[in-house]
Amino acid sequence: MASLRDIKRRIRSVTSTRQITHTMEMVSTTKIMRALQIAADAGPYKDAIEKMISNVAPLGARVGEVILASSGGSSGALIICVASDRGLAGGFNVQVQRAVQNRIAELRAEGKQPEVITCGKKPTEFFRFQGMEPVLSFEGISADPTYQEANQIAHYAIEGYIHGNLGSVEIWYQHAKSRVEQVLTNEDILPIYRETLTMPNEPRHDEASSPIEMVHNTNFTFDPSPREVLEYLIPAYIRTVIHHALIDSAAAEHGARRRAMQAATENADEIINTLSREYNRIRQSSITTEINEIVGGAQALEEDQ
Amino acid sequence: MDTFKYQIVRPDKLLSEGDALSVTLLTRTGELGVLPHHAPEICALGEGVMRINHVPDEDGETLTRIVISGGYAGITDEHVIVLADHARRVNDIDPDVVEDTKDDAEDALEELAADDPGRSYYESKIRWCDLLLKVNEQYNS
Numbered sequence: 114m115a116s117l118r119d120i121k122r123r124i125r126s127v128t129s130t131r132q133i134t135h136t137m138e139m140v141s142t143t144k145i146m147r148a149l150q151i152a153a154d155a156g157p158y159k160d161a162i163e164k165m166i167s168n169v170a171p172l173g174a175r176v177g178e179v180i181l182a183s184s185g186g187s188s189g190a191l192i193i194c195v196a197s198d199r200g201l202a203g204g205f206n207v208q209v210q211r212a213v214q215n216r217i218a219e220l221r222a223e224g225k226q227p228e229v230i231t232c233g234k235k236p237t238e239f240f241r242f243q244g245m246e247p248v249l250s251f252e253g254i255s256a257d258p259t260y261q262e263a264n265q266i267a268h269y270a271i272e273g274y275i276h277g278n279l280g281s282v283e284i285w286y287q288h289a290k291s292r293v294e295q296v297l298t299n300e301d302i303l304p305i306y307r308e309t310l311t312m313p314n315e316p317r318h319d320e321a322s323s324p325i326e327m328v329h330n331t332n333f334t335f336d337p338s339p340r341e342v343l344e345y346l347i348p349a350y351i352r353t354v355i356h357h358a359l360i361d362s363a364a365a366e367h368g369a370r371r372r373a374m375q376a377a378t379e380n381a382d383e384i385i386n387t388l389s390r391e392y393n394r395i396r397q398s399s400i401t402t403e404i405n406e407i408v409g410g411a412q413a414l415e416e417d418q
Numbered sequence: 050m051d052t053f054k055y056q057i058v059r060p061d062k063l064l065s066e067g068d069a070l071s072v073t074l075l076t077r078t079g080e081l082g083v084l085p086h087h088a089p090e091i092c093a094l095g096e097g098v099m100r101i102n103h104v105p106d107e108d109g110e111t112l113t114r115i116v117i118s119g120g121y122a123g124i125t126d127e128h129v130i131v132l133a134d135h136a137r138r139v140n141d142i143d144p145d146v147v148e149d150t151k152d153d154a155e156d157a158l159e160e161l162a163a164d165d166p167g168r169s170y171y172e173s174k175i176r177w178c179d180l181l182l183k184v185n186e187q188y189n190s
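So the protein lines, in turn, are chains A and B. Here the first sequence is numbered in the numbering used here, starting from 114 and rising by one per residue. Here the second sequence is numbered in the numbering used here, starting from 50 and rising by one per residue.
Keep in mind that the hints were calculated from the coordinates and are not lab data. There is no bait here: all hints are sound.
Rough simulated footprint, nothing fancy, chain B against chain A, three-plus residues with beta-carbon under 8 Å:
1) 158-166
2) 254-264
3) 346-358
Lysine to any residue pairs mimicking SDA-like chemistry, simulated, CA-CA at most 25 Å apart:
4) B:K183 <-> B:D143
5) A:K234 <-> B:A162
6) B:K174 <-> B:V147
7) A:K144 <-> A:R199
8) B:K174 <-> A:Y269
9) B:K54 <-> A:P339
10) B:K174 <-> A:E252
11) A:K121 <-> A:A377
12) B:K151 <-> A:Q265
13) B:K54 <-> A:S167
14) B:K62 <-> A:A256
15) B:K174 <-> A:G253
16) A:K159 <-> B:V98
17) B:K62 <-> A:Q265
18) B:K183 <-> B:T73
19) A:K225 <-> A:P247
We put the beta carbon where it would ideally sit given N, CA and C, even for glycine.
Model the full structure from these sequences, guided by the hints.
Set out below in structure tokens:
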């Protein structure tokens with residue numbers, strides 16, 4: 114049986130762990146709101162650019178045609194894996210990594226040559242450990258992504274696509290559906306077909322702003338030509354999709370961490386309760402033993418007299 | 050009075066929206082005035098100050114000046130959407146902050162190699178800061 118001192122020490126240790134997890138929970142709770150706000154703020158631009166592209170697309174390219182020119186049919190496939198720099202967020206990183214790993218296996222089976230860009234320290238380490246060096250990796254940005262990273266990724270993807278090194282580009286990340294729910298999401302970024310634009314694959318409409326509906330297929334005048342407008346809009350669109358995924362994932366990370374830390378705090382509470390009960394039981398039984406001994410001793414003395 | 054909806058969006062947020070009487074856009078080729086029921090048009094934006102004449106807002110203002118750089122504007126019968134790479138209200142420029150941002154961007158640029166793809170980001174940032182400072186001098190002093 115554990116001694117009273119041992120139990121006391123364990124209670125102390127669990128209590129301080131509980132304090133840490135509880136603090137992390139509170140920190141994440143405040144960060145979620147901010148991160149979700151950033152994601153919501155960026156929504157209107159994405160909506161507007163999608164609408165504008167779907168208006169220009171019919172004029173810049175025929176239906177079913179690939180909009181951005183590519184040398185075509187390349188076996189290179191780029192996967193952008195967005196996760197976190199830090200752990201302690203439940204299955205947040207592992208889910209994305211596993212999904213991307215499966216996808217890589219799938220692509221290899223199809224005879225493609227997948228390469229991966231990682232955002233976050235955890236996935237970078239994971240893929241490096243798997244013997245797959247990321248072509249680009251970003252660390253230390255998962256909590257506060259900026260437009261610059263999105264820019265760099267988009268630049269790599271578009272260059273690779275235009276020069277025919279890449280046949281497809283997709284992005285995997287955790288979408289913050291709400292403050293408590295994260296959904297593993299993947300979006301195909303390239304190639305862009307007109308159909309995918311008119312039906313944006315991931316409806317991420319923001320409730321806060323009033324989306325303005327653009328009328329489709331109006332006879333627009335273009336300044337400069339539709340082709341040139343598209344050539345500007347498409348890279349901007351790709352940047353936006355990537356940027357949005359990054360900030361969305363940051364919000365999801367805080368949500369996942371909050372939930373993981375909440376569970377950890379609850380578990381710690383439970384352990385503290387069990388240990389306190391055990392502690393009291395042992396204390397009581399030791400008191401009982403002591404009283405018995407005293408009474409026994411007194412009786413023995415009485416008998417002696 | 051005839052009005053139409055306008056939205057000014059930049060990548061990180063919706064900068065401004067509301068009902069406008071007229072909007073003067075700044076395109077690459079020059080100024081473009083938009084009144085209600087304008088013919089549908091999509092045009093490339095230049096660099097400079099665009100003006101919006103709108104219904105009085107909370108402060109009773111009817112004119113908003115916004116400095117923009119790059120991007121596109123979509124005009125249809127009922128609304129104007131400005132998708133700007135950079136946008137800021139003219140009365141919301143803080144020269145000290147702009148100077149700091151510019152210095153940071155210049156420092157970051159110096160550290161990058163001459164062929165680094167990240168350069169264009171900082172270069173455009175510096176250009177934008179210069180524009181803000183110029184506009185600030187012109188309108189706010």
